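Trainee: Here are the chains, one letter per residue:
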Amino acid sequence: MSSSDSVVIVGSGLAGYNVARELRKLDANVPITVISRDHAGFYSKPMLSNALAGKKTAATLVMKAADKIGAEINAKVLPHSVVEKIDTQARTLLLNDGQTLPYRDVVLALGADPIRLPLKGDAADTVLSVNDLDDFARFAEALDHPDGVKRVAILGAGLIGCEFANDLLHRGIEPTVLDLAERALGRLLPEAASLRLQKQLEAGGTKFRFGVAVQSVDRAASGLKVTLTDGSTLETDLVLSAIGLKPRTALAASAGLQINRGIVVDRHLASSVPHIYAVGDCAEVDGHTLPYVLPLMQQARALAASLAGQRTPVAYPAMPVVVKTPAWPTVVCPPAMDAQGAWTVTETDEALEARFTASGNPEQLLGFVLQGKAVSQRAALAAQIPPLWV
Amino acid sequence: MKTFQCVVCGFVYDEAAGQPADGIAPGTLWADVPDSWTCPDCGVGKSDFEMVEI
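Going down the list, the sequences are from chains G and F. For the first sequence, position 237 matches number 388 in the working numbering, and the numbering has no gaps at all. For the second sequence, position 27 matches number 60 in the working numbering, and the numbering has no gaps at all.
Simulated from the structure, these hints should not be mistaken for laboratory data. The structure displayed is predicted, hence computed values, not measured ones. Misleading hints may appear alongside valid ones.
As the list claims (entries may be wrong) - Here are the simulated PhoX-like cross-link-like pairs (lysine-lysine), alpha carbons at most 20 Å apart as the crow flies:
| hint | chain 1 | residue 1 | chain 2 | residue 2 |
| --- | --- | --- | --- | --- |
| 1 | G | Lys206 | G | Lys176 |
| 2 | F | Lys35 | G | Lys207 |
| 3 | F | Lys79 | G | Lys206 |
| 4 | G | Lys358 | G | Lys271 |
| 5 | F | Lys79 | F | Lys35 |
| 6 | F | Lys35 | G | Lys176 |
| 7 | G | Lys176 | G | Lys227 |
| 8 | G | Lys301 | G | Lys358 |
| 9 | G | Lys207 | G | Lys176 |
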């Protein structure tokens with residue numbers, strides 16, 4: 152059984168399919184299997200938070216159906232399949248349909264689950280998160296409900312919360328964004344940039360409530376009643392939770408892999424167990440969990456090279472994150488967590504530029520935020536940032 | 034005017050709209066987009082884009 156030469160990829164998101172695509176570019180013959188717990192169609196998760204503006208539906212968000220992408224990269228795609236168990240000795244995967252699949256190497260591209268806070272109230276179970284295409288279909292269906300959703304409460308003023316707030320404006324819905332923090336995107340942006348983004352989203356019709364959390368969600372005469380920690384209440388038609396992501400680690404933990412915040416892998420994307428790798432939102436790569444597209448593409452390329460016989464560590468150049476808030480375009484390249492330095496902010500009516508420069512060496516750029524018209528400086532500034540890993 | 038989609042992440046380049054954030058004026062044909070240009074969302078090059086019907 153263990154003589155299989157197959158690379159089995161568990162997960163059909165951007166991470167899984169991009170490993171498959173990159174590996175196929177390098178090796179025309181290796182058998183590749185992609186296991187998906189859903190329909191296995193190829194779509195881009197970052198597009199879920201700006202789909203309304205583009206008038207996309209769950210169906211049109213699928214860039215390639217499972218059979219099409221499978222044929223294109225010459226991979227066997229198993230939709231609606233769940234890996235129940237990894238036998239690391241026999242090197243086999245046990246699937247939910249009872250099938251046993253031998254592997255040469257396994258790539259865990261499992262993604263992350265939305266963090267959900269326990270909420271009280273008789274409508275707590277109606278709170279939605281949009282973390283995959285099926286979630287988006289439910290969300291879109293709720294918005295299309297004949298009674299009409301006019302008001303949406305969004306829990307969390309982070310990336311996803313702000314992007315959905317902006318996207319809902321395109322549907323004529325005025326969202327209310329709630330966060331326990333004191334400002335929008337507080338972990339990524341200096342205060343001035345948070346305030347500009349907030350102001351522009353407010354100008355479009357968004358409301359923000361900071362320093363509060365939701366306690367309960369109950370059915371009301373019309374819609375829902377949300378009770379906040381400060382005792383106040385809010386009437387809404389729909390509650391969307393967007394407070395963060397938690398790497399999916401259960402399968403890896405049950406197979407005895409080392410877990411920290413995510414599945415612990417080194418710069419070769421190798422876990423603590425031979426022949427098992429992890430990429431994307433489920434992976435903690437040498438201490439870093441970066442749930443963005445650029446890092447996962449870097450990982451996919453490096454891992455594909457390694458799996459094709461050319462052992463390659465992942466390189467992380469400066470990787471700016473584009474925040475999909477057309478009301479106030481924002482690009483952020485956050486300084487490394489241990490970076491020593493300070494922000495300098497330059498503002499005009501049409502733009503904001505914030506530079507994080509090293510203490511003792513103001514010439515050395517370590518991070519930046521660009522907003523409004525300044526986003527055109529993205530490539531120029533990214534080139535000045537030292538790579539995290541060469 | 035045509036549109037091109039990044040096969041990696043789904044980003045759409047619309048010739049009519051250009052990509053002013055990257056200094057590419059509205060109306061710029063795909064063929065005239067510099068080869069050094071990369072997808073703003075995922076960083077791949079022009080070769081990872083496909084023409085799409087929208």
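Trainee: Does each hint hold? Answer for all of them.
Mentor: Status of the hints after comparison with the structure:
Proximity of G:Lys206 to G:Lys176 is assessed by CA-CA distance (about 33 Å); at most 20 Å being required, the pair is judged violated. Simply put, F:Lys35 and G:Lys207 have alpha-carbon atoms about 18 Å apart, close enough for the 20 Å limit, and the pair holds. Of the supplied pair hints, the one linking F:Lys79 and G:Lys206 is violated, its CA atoms being roughly 25 Å apart against a limit of 20 Å. The straight-line distance between the Cα atoms of G:Lys358 and G:Lys271 is roughly 23 Å, outside the 20 Å bound, and the hint therefore fails.
Pair hint F:Lys79 plus F:Lys35 holds up; C-alpha atoms about 15 Å apart against a cutoff of 20 Å. With a C-alpha separation of about 27 Å, the suggested pair F:Lys35 and G:Lys176 falls outside the 20 Å cut-off, and the hint is violated. With a C-alpha separation of about 16 Å, the suggested pairing of G:Lys176 with G:Lys227 holds against the 20 Å cut-off. Distance restraint check for G:Lys301 and G:Lys358: the Cα-Cα separation of roughly 13 Å lies within the 20 Å cut-off, and the hinted pair is therefore satisfied.
Proposed proximity of G:Lys207 and G:Lys176 is contradicted: the alpha carbons are some 30 Å apart, above 20 Å.
Checked against the numbered hints given earlier, the structure breaks hints 1, 3, 4, 6, 9 and satisfies all the rest.
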